[in-house]
Amino acid sequence: MTDAGFVIASWVITALVLGGYVLRIALRTAVARGEKTLFRPDAPDAPKAPMSENGVHQ
Amino acid sequence: MNAFSEIKLIAGKDLRIEMRSRILLSQVLPFGAIVVLLFAFALDPDRGILTRVAPGLFWITVLLAALLAIGRAFSIEQQHGARDGLRLAGLDGSSVFIGKAIAIAVQLVILEAVLGLTVVVLYGVEVHGVVVLVATATAATIGLAAAGTLYGVLAAGLRARETLLPLLLLPVLAPVMLGATRAFEDGLEGVPGDAWPWVALLTVFALLYTGVGMLAFGPLWEDT
Amino acid sequence: MSEKRLNNDDRSALLPRAVGRVVDALTLVSIGALTFFGLWASPADVVQGDAQRIMYLHVPAAWAAYVAFGITTLASLLWLWPRTRSAVWDRVAGASAEIGLIFTGLTLLLGSLWGRPVWGVWWAWDARLVSTAVLFFLYLGYLAIRAVPAEPIVRARRSAITAVIVFIDVPIVHFSVNWWRTLHQKATVFNPELNPEIHGVMALTLWIGVVAFTLLYVSLMNRRYQLAYLEEGLEETALDAAILQRSGGVK
Chain A
0 MTDAGFVIAS WVITALVLGG YVLRIALRTA VARGEKTLFR PDAPDAPKAP MSENGVHQ
Chain B
0 MNAFSEIKLI AGKDLRIEMR SRILLSQVLP FGAIVVLLFA FALDPDRGIL TRVAPGLFWI
60 TVLLAALLAI GRAFSIEQQH GARDGLRLAG LDGSSVFIGK AIAIAVQLVI LEAVLGLTVV
120 VLYGVEVHGV VVLVATATAA TIGLAAAGTL YGVLAAGLRA RETLLPLLLL PVLAPVMLGA
180 TRAFEDGLEG VPGDAWPWVA LLTVFALLYT GVGMLAFGPL WEDT
Chain C
0 MSEKRLNNDD RSALLPRAVG RVVDALTLVS IGALTFFGLW ASPADVVQGD AQRIMYLHVP
60 AAWAAYVAFG ITTLASLLWL WPRTRSAVWD RVAGASAEIG LIFTGLTLLL GSLWGRPVWG
120 VWWAWDARLV STAVLFFLYL GYLAIRAVPA EPIVRARRSA ITAVIVFIDV PIVHFSVNWW
180 RTLHQKATVF NPELNPEIHG VMALTLWIGV VAFTLLYVSL MNRRYQLAYL EEGLEETALD
240 AAILQRSGGV K
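Residue numbers (numbering that gives the first Met the number 0), protein chains in the order written: chain A, 0 to 57; chain B, 0 to 223; chain C, 0 to 250.
So here's chain A without its partners, still in its complex pose:
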């Protein structure tokens, strides 16, 4: 790989790592806010996952 290739690879990898991290935080934040759920409980009378009726407001 040419030197320029390494340079581009560095920028790309940096973008992926940092961008990926930002996305990860965003996803976990959305889950924590109850905007998304990670799973659905099977049984109908199982306790609702606290996340889905989470009343934590900003």
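These aren't lab readings, by the way, just hints derived from the structure by calculation. Heads up, some of the hints might be wrong.
[What the hints assert, rightly or not] Facing chain A, according to a computed beta carbon distance under 7 Å, are these residues of chain C, among others:
(1) Gly48
(2) Arg52
(3) Leu56
(4) Leu112
(5) Ala143
(6) Val147
(7) Glu230
[Claimed, not checked] Chain A regions said to be covered by chain C (calculated; three or more residues, Cβ under 8 Å):
(8) 2-8
(9) 12-19
(10) 23-32
[Claimed, not checked] Examples of chain C residues toward chain B, derived with CB under 8 Å:
(11) Leu139
(12) Gly140
(13) Leu142
(14) Arg156
(15) Arg157
(16) Ile160
(17) Thr161
(18) Ile167
(19) Val169
(20) Ile171
(21) Val172
(22) Ser175
(23) Trp179
(24) Asp239
(25) Ile242
Here the structure is a predicted model, which means the values were calculated and not measured. Ideal Cβ positions, reconstructed from N, Cα and C, are used throughout, including at glycine.
Model the placement of chains B and C on the given structure of chain A, informed by the hints.
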């Protein structure tokens, strides 16, 4: 109860438990010996590599065996309500720290002596610079015991302690590994005088972690 | 319920929303500027060629990592000091350590990507790289301790003490590794130029990088702190729900 007798109490208890169970002798030492043997499988014994890298291999083995000894020092507290008993006894945190560290240090010295002999015999090492070697081992052992006791209590009682302790402790001990190996190299094959700066580094490490341990052990112990 | 939190002066976010948005915008702008200068406006190095441009990412990343771990230590001390103790510091410490770990990993990766074209090897036992590697594992351990479930105060105390004792090791590691590798340098053939004298546009670009990564750190901290706050709230809610369910209480 004054600090000195508290320390004697804890160190004595730990050593007595070890004398009765002989875990160090029957399990940890053989582990170390096997590691020494395995290194010979990994590195060609016929080309003098082993002799040259003997200091490093010795200290790595000591480090790994120390992990077992430290884990053991705290797992004995998990049994028979020993933890609560100790806490109710109202002993000072720093005394318990020193007591446990002393017990660990004694076990490490025994380990180092036996493993050292094993390495000398198996790797064909010629021993010179004994003063330097002993000074290095003393400083390194104190540092090992102090840092080990501190991180041992941190990991104690946690469910993942067997995997947490190595993860926590080994990076912290990198300077000990460095200093002890370099000093041993200088003592055995190089100019023994060169080793003294490394011994100084090891001493600083030992003092630092003894001090920090005396302060931090109490609160960490309460939380286990 | 709120007794479980240390309620001195709790906040759900580090920065006011407007400030946060400004920081985010500035971050993006400065990263853009860094890319422009780093990839185009600054000249290639005389000795290292284009590969030197990787330094415009590697050095700022290392800087950001040190800032992050410094903040973790500071926040941990503030937590340990009774008069300033607050859940805010615990969250800051944890968030900063995680971000620091990411930057440290990035520093190592970028160092490797730089080393290959310049030194011909993917890794060299240079003092700085080795120290950074040890740093990586030290804070990995810190985060592992943080991940152990426990009562919030117990976990906060355990983490804070861990952060301080880990931090104490950092100068010793630096010093011993540096010493080790300098002694060894008598034998090395090449002289790695990690800190050549740089002037003009190149120095400017490096500074832009430092500014960009610092802003990025703040931006990430803001988000990560908020996440920590939300997840703490979830832990409590989940705990309360579980208690309620087991005690067959009124919903």
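Verification of the hints:
For Gly48 (chain C), the interface hint holds, the least distance from its beta-carbon to any beta-carbon of chain A being 5 Å, beneath 7 Å. Interface restraint check for Arg52 (chain C): the shortest CB-CB distance to chain A comes to about 5 Å, inside 7 Å, so the restraint holds. The criterion of a C-beta within 7 Å of any C-beta in chain A is met by Leu56 (chain C), whose closest approach is roughly 5 Å, and the hint holds. Checking Leu112 (chain C) against chain A: minimum C-beta separation of about 5 Å stays under 7 Å; hint holds.
This hint is violated: Ala143 (chain C) has a C-beta 18 Å from the nearest C-beta of chain A, more than the 7 Å allowed. Given the 7 Å rule on beta carbons, the hint for Val147 (chain C) is violated: about 19 Å separates it from the nearest Cβ of chain A. Satisfaction of the interface hint for Glu230 (chain C) is found here, the shortest Cβ-Cβ separation to chain A being roughly 5 Å, below the 7 Å cut-off. Coverage of the segment 2-8 of chain A by chain C holds [criterion: at least 3 residues with CB-CB distance below 8 Å; count 5].
Only residues whose C-beta sits within less than 8 Å of a C-beta in chain C count toward coverage, and the segment 12-19 of chain A has 4 of them, enough to reach three; the restraint holds. Counting residues of the segment 23-32 of chain A whose beta carbon lies closer than 8 Å to any beta carbon of chain C gives 6, which meets the minimum of three for the stated coverage. Interface hint at Leu139 (chain C): satisfied, since its Cβ lies 7 Å from the closest Cβ of chain B, which is below the 8 Å cut-off. Restraint check, Gly140 (chain C) versus chain B: the minimum CB separation of about 4 Å is within 8 Å; hint holds.
Look at Leu142 (chain C): its Cβ only gets to about 10 Å from chain B, farther than 8 Å, so that hint breaks. The beta carbon of Arg156 (chain C) comes within 6 Å of a beta carbon in chain B, closer than 8 Å, and the hint placing it at the interface holds. Hint on Arg157 (chain C) holds. Least Cβ distance to chain B is approximately 6 Å, under the 8 Å limit. A least Cβ separation of about 5 Å between Ile160 (chain C) and chain B falls short of the 8 Å threshold, and the interface hint therefore holds.
Interface hint status for Thr161 (chain C): upheld, as the beta-carbon distance to the closest one in chain B is roughly 6 Å, under 8 Å. Taking 8 Å as the C-beta cut-off, the interface hint given for Ile167 (chain C) holds, the closest approach to chain B being about 6 Å. Annotation: Val169 (chain C) was flagged as interfacial toward chain B, and the flag is violated, the nearest CB pair being 10 Å apart, outside 8 Å. Here the hint on Ile171 (chain C) is kept, as its CB sits about 5 Å from the closest CB of chain B, short of 8 Å.
For Val172 (chain C), the suggested interface contact is upheld, since its CB lies about 6 Å from the closest CB of chain B, less than 8 Å. A hinted interface residue such as Ser175 (chain C) counts as satisfied when its beta carbon comes closer than 8 Å to some beta carbon of chain B; here the least separation is about 4 Å, so the hint holds. Taking 8 Å as the C-beta cut-off, the interface hint given for Trp179 (chain C) holds, the closest approach to chain B being about 5 Å. A hinted interface residue such as Asp239 (chain C) counts as satisfied when its beta carbon comes closer than 8 Å to some beta carbon of chain B; here the least separation is about 23 Å, so the hint is violated.
For Ile242 (chain C), the interface hint is violated, since its Cβ never comes within 8 Å of a Cβ in chain B; the closest pair sits about 22 Å apart.
Taken one by one, the earlier hints fail for this structure at numbers 5, 6, 13, 19, 24, 25, listed in ascending order.
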